[in-house]
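Residues in the sequence shown are numbered from 3 upward in steps of one, following my numbering.
If you are wondering where the hints come from, they were derived from the structure by calculation, not from laboratory data.
A couple of the hints might just be wrong.
[Unchecked claim] Distance condition first, Cα-Cα at most 20 Å in a straight line; then the derived EDC-like pairs of lysine to aspartate or glutamate: (1) Lys87 with Glu13; (2) Lys239 with Asp74; (3) Lys239 with Asp121.
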Amino acid sequence: MGNVSILLAGELQRLRRYNILTGGFVVSLLWVAALHFLQTEYVESLFTLLLFVDIATMPAILVAVGLFYERDEGSLRAMLVTPIKHGEYIATKIVATVFSSLITLVILYGYAHFVRGIDANVLWLMIAVILGSGFHTLLGLLLTYGTRDFTGMLMRFMVYALVAMVPTLLEHAGVITHVIWRILLYLSPARAVAMLFQAAVTEVALGDVIYSIVFLVVGGGILYRVALVGFASFAQKQGGV
3 MGNVSILLAG ELQRLRRYNI LTGGFVVSLL WVAALHFLQT EYVESLFTLL
53 LFVDIATMPA ILVAVGLFYE RDEGSLRAML VTPIKHGEYI ATKIVATVFS
103 SLITLVILYG YAHFVRGIDA NVLWLMIAVI LGSGFHTLLG LLLTYGTRDF
153 TGMLMRFMVY ALVAMVPTLL EHAGVITHVI WRILLYLSPA RAVAMLFQAA
203 VTEVALGDVI YSIVFLVVGG GILYRVALVG FASFAQKQGG V
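Turn these sequences into a full structure, and let the hints steer you where they fit.
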């Protein structure tokens with residue numbers, strides 16, 4: 003536990019030093035600007051949509067940025083000769099990224115609620131942010147493994163976005179209506195996140211909510227195990243060992 007607290011403090015310092023937290027804050031302000039120019043009746047649906055897009059993209063991208071910065075400053079090489087457990091390191095990445103995502107939630111919901119009068123179930127919003135951000139942080143770690151630079155990671159993430167995020171957005175827009183395609187979307191982690199955000203502002207079938215939570219928790223556990231197994235090889239390769 004002591005190592006985790008030390009790692010978390012160091013991780014938050016790196017997020018500030020590399021302007022990663024600042025970048026996330028700027029993106030949040032851009033979302034607020036987008037909401038500001040809309041009529042109130044459109045804000046509620048777009049509010050959760052913007053949160054979904056942010057949570058499904060920013061955690062993966064930010065954790066990749068952090069890893070490549072750490073590679074350049076030699077932190078990954080130092081990891082190989084310290085008593086820090088790889089599981090503690092990965093857990094720290096998850097907690098720090100979830101913290102950044104919660105800041106985004108506070109900014110967006112603060113504007114939507116106090117300025118535009120939008121009400122939502124804050125508990126469901128927090129559950130969606132925590133589970134969605136944690137899952138996509140782990141996904142970002144795995145997508146970074148085996149890539150030589152940030153561009154390579156982005157190319158991998160674009161494939162994920164096309165396969166998982168775009169169909170979810172099309173279903174939300176009413177473009178995808180066929181029952182077969184909608185069943186296949188139950189295999190998409192992006193849809194699970196979107197379903198939890200939807201539950202915060204409207205009635206959603208209890209079965210869909212439970213399925214989404216179980217999907218993200220179990221799927222996140224699997225990703226964690228895979229990330230843990232692959233981290234040693236990644237650290238050695240990036241550390242020049």
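(request) Report the numbers of all earlier hints that the structure fails to satisfy, in ascending order. (result) 3
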